[in-house]
Amino acid sequence: MQKNYFDRVHRWGITWNIGALLMLLCVPVIVCVNLGVWPELKTLASVLSKLMLLYWVTAVIEVITYVPMLGAGGTYLSFVTGNITNLKLPCGLSAMENAKVRANTEEGEVISTIAIGVSAITTTVIIAVGVLAFSPVLPYITAESSAFRPAFEQVLPALFGALAASYFAKHWKLVPLPIIVGVIVLIFAPTMGVGTLMFVTIVAAVAGALIMHKKNWL
Amino acid sequence: MDFSDFKTSPVMLAIALGIVAFVTAQSLFFIVKSWKHAKELGIEKETLKNTVVSSILFTVAPAISILATVIVLANALGTILPWIRLTVIGNLAYETTAAQTAVEAMGGTLGSEITDPKQFATVTWAMTIGSIAPLIFLPFVCKKLQNKIGEAVNKSEGAKKLGDALSAAAFIGIISAFIARAIAGTSSDGNNAGFMSVSVLIVAVIAMVILESICKKFKLDKLQPFTMPLSMFIGMGAAMLFEAVLPAEITSFMWR
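Going down the list, the sequences are from chains H and W. Following the working numbering, the numbering of the first sequence begins with 46 at its first residue and continues without gaps. Following the working numbering, the numbering of the second sequence begins with 45 at its first residue and continues without gaps.
Zero decoy hints are in this set.
Under 10 angstroms between C-beta atoms, here's a sample of chain W residues computed to sit facing chain H:
1) N94
2) V96
3) F102
4) Q163
5) S175
6) I176
7) P178
8) G194
9) N198
10) A226
11) S231
12) M240
13) M276
Computed beta-carbon distance windows for the label pairs:
14) L98(H) x I250(W): 41 to 49 angstroms
15) E84(W) x G238(H): 39 to 47 angstroms
16) K266(W) x N49(H): 32 to 40 angstroms
17) I229(H) x N235(W): 18 to 26 angstroms
18) S200(W) x K260(H): 17 to 25 angstroms
19) K266(W) x T241(H): 37 to 45 angstroms
20) S257(W) x M257(H): 25 to 33 angstroms
21) M68(H) x G281(W): 37 to 45 angstroms
22) S257(W) x T241(H): 31 to 39 angstroms
Partial chain H-side listing against chain W, Cβ under 10 angstroms, derived:
23) A148
24) S157
25) T158
26) S164
27) A165
28) T167
29) V226
30) V239
Rather than coming from a laboratory, the hints here were simulated on the basis of the structure. Note that CB positions come from ideal geometry on N, CA and C, so glycine has one too.
Construct the complete structure from the given sequences, taking the supplied hints into account.
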């Protein structure tokens, strides 16, 4: 039964994944056909050489890092809809935590998939409604002088602070090492992107957990 | 929306709506399949409902900040291309960098509007090709990786325990990266680590601890799923409050 369900999820996931890929590639093609212009290959190649070096390498790391945590359905949904670290991953994990189910079980699989699906639809609706209905007013909300600006500047500390409080209490022994490593890395490389930094802190946390497990400290 | 501008033409709008339909259909498909299977597994309806409502609440604030990125990019690219890019695969940090790299390579900046269709076409290609890598890798690795992990953690009771510890550790690693950034990071928009980022972090932590203990003490099981989004809103509210009541030297104080 277990193998069956996961096998089916992977089959659905791959089908939707390929559909999304084809659809995405159609976007620039339609834009070019519609405008009757095509990009200069030399310029495009120079831009892509920079972007791909950075993002295709990050993509490999992301796939390896997130797949074990998001579950099968959650993974396929998250990678198509994007905004994984700042939204889908914390959303899925917090749903599993609330429902008291474990990742890598069928129960965890369905709960995280439902949470990530709901989150994807909510985001899509908010962006669509925002662009179509509120685009004239939006700049005022995010403007320098807006009262809401400080709130939106601090979305990530607020989100991860709330998440940390519920998660850290249960696993407090694992906490100090990755934070200290992260802060030290940032002191020497302050502009490091969060994707790369995350890789470093995850390695630190997992290595710490392995050592503590071996020494029976957990 | 100005339909006479090629960046926000009816064709562009149609592409965007098509993508919105695709993403919504895929999400609904997986929700329905999971819901059915959850019932087969005997998961209570109440748990599923709570998952839906708390996920919606959890998503609102980050989604609005994603919308804010659309608005920032709209200066140069019009509203529709950023909308498309942030609806599929896109994420806050990536799309801004990708657009910036492409626009700058052609001698422009994100601050000024692109009026040359050729430049616009180049940016569209660059943002698309740059971001599709995960969709190319996933079909090959996702199943293999997950089967391996499944086998490894379900081998024995000890392996299960280690598996739990390692997945907790990986998640703590992710949270730690963001906490480290709030403590000591810098950001391209000048919103570096300082009084605001650390105090919002602390307020959100305290709010969560208090809300969780209230839930436990008064056995408010219904409130439990909402403690996380509530704490996030309290943290964001604190940022607005600090900005309004504290002197600017304090709220704008950054040590990075």
